[in-house]
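Q: Take a look at the letters that make up each chain.
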Amino acid sequence: MRKDIRVESRSREMLYTTTFFAASCVLVFSFAFVRSGRPVEGAEAGIIWVALAYAGQLALGRAFERELHQDALRGLLMAPVERAAIFVGKLLGIMLLMGVVEAVVVFFVAVFFSTAFFDYGLLFISLLVTGTIGFACVGALFAAMLARSQSRAVLLPVLLYPITVPVLIAGVNGTLSLIQPEPNLDLARFWLALIAFFDVVFMTLALWTFEPLMTE
Amino acid sequence: MFWFWNRVNGIPVRTSNFVALLVVVVFLMFSVSALAIQPPPVEEFVPIGELPEEDRLPAAPFLVSAYSLVWIFAFGYFWMLSRRLSVVERELNDLTKRAGLESER
Amino acid sequence: MALLVVAAAMFAAAPIFIAYAPNEATMGLVYKIVYFHVPAWFMMFLAIFVCGISSGIYLFKERVSADRLAYSAAEVAVLFGAIGLTTGPLWARVSWGVWWPWDVRTTLALILEMTFVAYLLLRKYGGPGSEKLSAGLALFGMFNVPFVYVSVNVWRTLHPQTTVVPQLPSAMAGPLWWCVVAYLLLFIVMLGGRRRLEEQRATVERLRLVYDED
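Residue numbers (the working numbering), protein chains in the order written: chain A, 1 to 216; chain B, 1 to 105; chain C, 1 to 214.
Extracted from the complex, chain A is given alone in its bound form (with noise of 0.2 Å):
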């Protein structure tokens, strides 16, 4: 998709300063689930997650903002490309970002709290990328949908939260188990299961609705 390179060439700004976001999400949940220098078990789990989709959430934000400065939204959506397709651009432009955020996000985490998350390196990543493509597909969609609303800041979180909360949920779950100390291999699948259903689901809504919701 030629909106995904362009999309991607763009972003540096936005990588950057994402990236600084979440690590310093990192840092305070850090402070808040340590106690007396132990992290409280399981925290770890939570905190990727957690630091993850507030910067998703900013990345959302910000990257159909850009857009909007030079009505360049519009001018795509009279392009004779297929709506789906500019969705999907899109989207891939997010999941990227996203996938470095992690990156970062796991490598901080994994170093402060010593970690084992790579025993179990296979299924960690599935989770990590079934949760974010659940969370980038309707925050896409939402996002897209806000971006030409006075208000867009305020409700983005306000609309995907609600929504995305199971896929986060899941994969909080399915990391811990994977991080407890006897992990439980069957449990793990099991969520991952689920966020994959879960984004059947979502993609499905998403690129289905994607085109009535954009038409004005």
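The hints are simulated quantities; they were obtained by calculation from the structure and are not laboratory data. These numbers were taken from a predicted model, which means no experiment stands behind them. Wrong hints could be hidden among the right ones.
Going by beta-carbon spacing under 10 Å, a handful of chain C positions derived as facing chain A [unchecked claim]: (1) L59; (2) V117; (3) F140.
Just so it is clear, CB atoms sit at the ideal spot from N, CA and C, and this is done for glycine as well.
Given the structure of chain A, go ahead and fit chains B and C onto it with the hints provided.
A: Below, chains B and C alone, put in the same frame as chain A:
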């Protein structure tokens, strides 16, 4: 009572009302959470029949409050609805009267 | 006119609520909150389906009346959800000892309610164009409902499973379904009234557009 909804009134009136409402809501929330002090959650599910006498709560007040809550919600909603409806209907009357007057000219 | 319908519905509802109370086999008095709790959630699910389906119609068929119905249904859904979310903790406090156990069903139900509160917030403060976005939101919310319903069967929770209701002995089932019907009447009246409000508002807007041009 309807001046609260009247759009023609100046903004300061609405804001102060809104602030008052907000204060009341926050106060209610705090008082409810103060009352909601609960024992630490039990690890295992214990059927109510086997719970020792002192831990059992009298059920009647809860049942009665649940019942009254339903009525309060339902009535409250109908009341709100009728207020909003009468405001809109007044506006509608105003507009049709104005329209009627203009079409006579 | 609307008042008459309201009065009729309330007349139907009131004796119902009183009638069921005496004839119960009991496992503790507090379980009777089920007569308020379960029908409230049934009605909330119904309202959400109405909202979701009419939102879909609005999005794909561009019928504005469907959007008005969706808005009314969302408000009614939030109301019934609020009833469910307040009667639930009242029951839980007595039978489980805590006001709010964070299990799957309760968490998902809370999320569902929040989704539709978000819908209302969006409609109120979103500015122009928020009708379509809220319609999309309603669709997402609607697809969340089966999860909420099925969650108690899939996970082990404190909440009773969905098999309980079909298997109730008739002494309890009778009043329960009676209450469901009463709530249904309430739902229909509320939805109708709210929808009428929306239609009046739309008429006012139209008139204002026409006659305020000078």
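Q: Against each hint, give a clear statement of whether it holds in the structure.
A: Verification of the supplied hints:
1. L59: 4 Å, holds
2. V117: 8 Å, holds
3. F140: 5 Å, holds
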